[in-house]
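Based on these hints, arrange chain B with the ligands on the given structure of chain A.
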Amino acid sequence: MFFTTIKGLIAHKLRLFATALAVTLGVAFMAGTLVLTDTVGRTFDDLFGNVYKQTDVVVRSQAAFGAGAVVQRGRVSESLLTEVRAVPGVAQAQGGVFGYARLIGSNGDALGNPAAGAPTIGGDWTESARLNPYDLVTGSPPAADDEVVIDAASANIGKLAVGDTTTVLVQGPPQRVRISGIARFGTVDSPGGATVVLFRHTVAQKLIAEPGKFDTISVVAAPGVTQQQLAARVAKILPASAEAVTGAAMTKESQAAIRQAMGFFRTFMLVFAVVALLVGAFMIFNTFSITVAQRTRENGLLRALGASRRQILASVLLEALAVGVIASLLGIVGGLGVAIGLKELLGAVGIPVPAGSVVFKPATVVISMVVGVGVALLAALSPARKAAEVPPIAAMQRGLVGSTGYGSKRRVYIGSGLLLGGLATLLIGLFGAVSEGVILVGTGALLVFFGVSTLGRTMSLPLSKLIGAPLPRLRGVTGELARDNAMRNPKRTAASASALMIGVALVGFITIFVSSTKASVEQAVDQSFIGDIVVTSGGGMSGGVDPSLAKRLDLLPEVANATGLRQGFASVEGQVEFVTGVNTATAFDVLDIVPIKGRAVDLGRSGVAIRQDVATNKHLAIGDVVSIVFRDTGAQQLRVAMIYAHGQFVGLQEVHPSYLLGMPAYDANFATHFDMQINIKQAGDVSEAAALAAVERAAKPYAGVSVLNRAGFKKQQTAPLNQMLALVYALLGLAIFIALLGIANTLALSIFERTREIGLLRAVGMTRAQLRSSIRWESVIIAVQGTVLGLAIGLFFGWALVGALEDEGLTVFRVPYGSLSIIVALAAVAGMVAAIGPSRRAAKLNVLKAVTSD
Amino acid sequence: MTTPVLFHEARTFTSVAAAARTVDATKIYGIGETEVRALDGVTVAFARAQFTAIMGPSGSGKSTLMHCVAGLDSLTSGRAFIGEADLSALNDRELTILRRDQVGFIFQAYNLLPTMTAAENLTLPLRLAGRKPDREWLDTVVEVMGLRDRLHHRPSEMSGGQQQRVAVGRALATRPQIVFADEPTGNLDSKAGTEVLEFMRNAVDHMGQTIVMVTHDPMSAAYADSIIFLADGRIVDEMAHPTAGRVLERMKQFGE
Ligand SMILES: Nc1ncnc2c1ncn2[C@@H]1O[C@H](COP(=O)(O)OP(=O)(O)OP(=O)(O)O)[C@@H](O)[C@H]1O
Ligand SMILES: [Mg+2]
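Residue numbers (the numbering used here), protein chains in the order written: chain A, 6 to 859; chain B, 73 to 328.
Here chain A stands alone, though its shape is the one from the complex (with noise of 0.2 angstroms):
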């Protein structure tokens, strides 16, 4: 048994190299996710590591609120240094700050990308060379308030060198700056891709966080005292808004902080690695299936020389067994590439990967043996079992006719459960209140995609008829015979068609969810959006534009009116929350806010407006007061003032607000004063190219800002989709590529079954050329056929998607038809092109051999 396994194999390379690549492929993605986190992770470790090893306790503010991934912390007093340095056992004490810095390169232009990538901070250059964990490369530290130190990876990016002169945003003015020096973060020119600039002490207190105070205090234990006895000692002197903590246990935060992080990318690789997966499911079972069914007269011969059914069913798993551990160590292989790829993607989209050398777990190797492996047995089990049915008969037949008609009752019921139980857990996991949603969704769209394979060769038949129907007008017998072909054995159909289905569906998905997202925007922005212009500050978050500039443009002839926005994270009776800072003076007539009860006047420090649905659930009334918890400022108890409707500000974080700050009580709570986004109505008797210009005038000295009209505000809050889009185009386009080889595939295994069929049409008088179109439009038939089942399901799931998120702005289902249709019609392309080398091969046939064949 085992020798006609192996020789199996040995004969048919090639198939078995197109049938592999799929599960390769799978793996490699695996594999190279894998071995790129543990490769990150251990890095950064071993940063942070290094980072906190000469710090032994960290005092600092306690959270004011929050969890996870937003902890709100505020500072602590700058005389608590001086305390601190008085415990024994203390050896040094450093105070430090840190907060949003924006540095200017020397092309003018603002480096980094808070908004929406690599952050841009800044700090104070600390004196203890013990306890900075900046090492300086040239130059030297800053000695005067206008001197910073910046990173080598920004210096490197903005052409600056030391004794240049530049501009950092801070909070304020713009400042001019000398560099003095530039440094390394560690082992690496910049702390996960970050622009940083440190400032002297002082100066950054005044510019970047607030005079007087400290983001941390970082102390060294005297010999022979521990981090924890120190941390003891100095938690009895701090007051109870602050805590202290040791190094260790900083490092271990900081560690689980890039892990969590990491964690998502980690999650939306291994989603498309679980794709190929499928995908690569679906081509081994049908090529395993082929080649059961064209081995059925030797299988039979075999059973009738004794063979035992076990024995046909090992030798056929031994073969999918070969394949896949081939796969998996092609795989692995492959996935150190994959991994490297992917550090040099990252570092290209501005997240530098610490050098160091890959970690290649032995786990890695497991888990990617294992799913390579599985995958590839489960694929072949069905064939096997039908292999072993082969009776010893079947050695006297010939031709067995190959699967027809619309397969078992039961399987229909199944299918049908299958598709049945994955929508609705899919509308659960997106509608319901339940805690593990995205699990949920997960496992729902999974189970759609089984059930609808399912179901393929049920639906298969009337499928292949209906998109072939046309075929006989358009092309003739040629035509007839492509869709008698696609028809014939729906089984396999239906498989090569599901390996594309499942990469379209994720595609149509993707692109229904982005233009409804977008329409949303769109329709967002025009609804929402009175006013012609608006200033994005690009600061992200964590900082923004100077409120000047909403003052000057807001003084400019050309301009009616300028409001800024803010908003910021706050605790409402015990929930983060966002608050949304409006100048109420200009608000109104460039944002539809509509006050329904109150006034806008009496917000005032100690008034809150909150929108109506979010009153009418927590039953508050005007006058009613509300607990709000600030990190700058502690627990304030705020009047309501106002109930508004509406109100939609495109452009930040929480696009309905539910609570509103007038600009006095939102500057009295927060210590930072930025403006996230500045909306501009243009005056009545000016053109928009006059005020834009206006407005790009005045904005000119505040680097990082974009000016917009209407049309480019649109456009910029949509971009980042379409580079979403992109990537999730190019990565799924891998895994339509492979599903186009199973179709290839699979039509080089049927044209070899038929090779006397061919040999008869070409001898009764079909041409080469009639035979490729036939061939071609079979192909044609069965890749439309995953495209629409494919698109049945991505509109689907963007159906489903952009209704569970309604809540979040998803106002508007749009489905975009043209790129839908594109996708179709390049279906049917990618069809024709995986039938060029079977068509070929298949008009290159010896008539007179084919003919002769059996």
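Treat the hints loosely; a few may be bogus.
Said to hold, decoys possible - Keeping only pairs whose Cα atoms sit at most 20 angstroms apart, straight-line, the calculated EDC-like set for lysine to aspartate or glutamate is: (1) A:705 to A:559; (2) A:849 to B:166; (3) A:218 to A:672; (4) A:854 to B:255; (5) A:854 to B:145; (6) A:602 to A:629; (7) A:391 to A:758; (8) A:211 to A:132; (9) A:257 to A:43; (10) A:211 to A:150; (11) A:849 to A:758; (12) A:58 to A:150; (13) A:686 to A:597; (14) A:854 to B:107; (15) A:854 to B:254; (16) A:849 to B:164; (17) A:218 to A:248; (18) A:241 to A:88; (19) A:623 to A:582; (20) A:164 to A:114; (21) A:211 to A:637; (22) A:241 to A:83; (23) B:204 to B:173; (24) A:849 to B:145; (25) A:686 to A:701; (26) A:470 to B:255; (27) A:854 to B:164.
Keep in mind that the hints were calculated from the coordinates and are not lab data.
Relative to the frame of chain A, chain B with the ligands by itself:
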């Protein structure tokens, strides 16, 4: 009535009347040690509206001769013609179209496409050519072949004899210059075989069709107007107006 000699001369030298012919046709398989001369200088003409049988021992080159004349295979040397067309001068496309329009085929088995009905199989070459079938002619063919009630069946729903009759019908449907049949009754029982042979005879007598048939069976050969005998790739004898008895006599000599 022609004498065998005259008949012989008419066949060999009156090429104008030939539907297909070869001149010094030689086909060699393999090289050196393994060289096989499947055809060794065969010059033959198949007269129009005649039913010719080719006989000879196994391996004598019957199939090879037929394949080479029909444009399914090429000669090593010598020439083959369908009508006035020299096959060696045609490329694959031209050969294919020639086969489609001028030649009919009946193989021993598996003559039909399993996905098509009898009617569809019948009109396959016509439809490949993109031509409208001549209804009247098709009707005649269907009538003569006795296929009327089987037209919408697929091959899997027909007996072997019925399938072969459809194959004969298809071969006739394009009104080709010549029909080649390689042991068309080889897989049939005698009743079904007789039916098929009678149809072929009919096609020659009533439609003026030219048919060349390879057979091992003296009874089948007796349906032909004349027989050529092959041995070791050469024509060794011919016989006009054969009867089963005479053929059997002649065949016995090969055994000696
Ligand atoms: N493709 C081939 N390669 C090598 N030799 C071949 C090939 N086809 C035929 N032959 C040889 O050529 C000779 C003639 O073969 P052919 O098939 O024409 O014989 P035949 O008269 O049709 O025999 P049968 O009655 O058995 O069908 C035989 O010796 C055969 O072995
Ligand atoms: Mg033969």
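| said: Let me make sure I understand: some of the numbered hints might not hold for this structure. Which ones are they, in numerical order? | reply: 12 and 26
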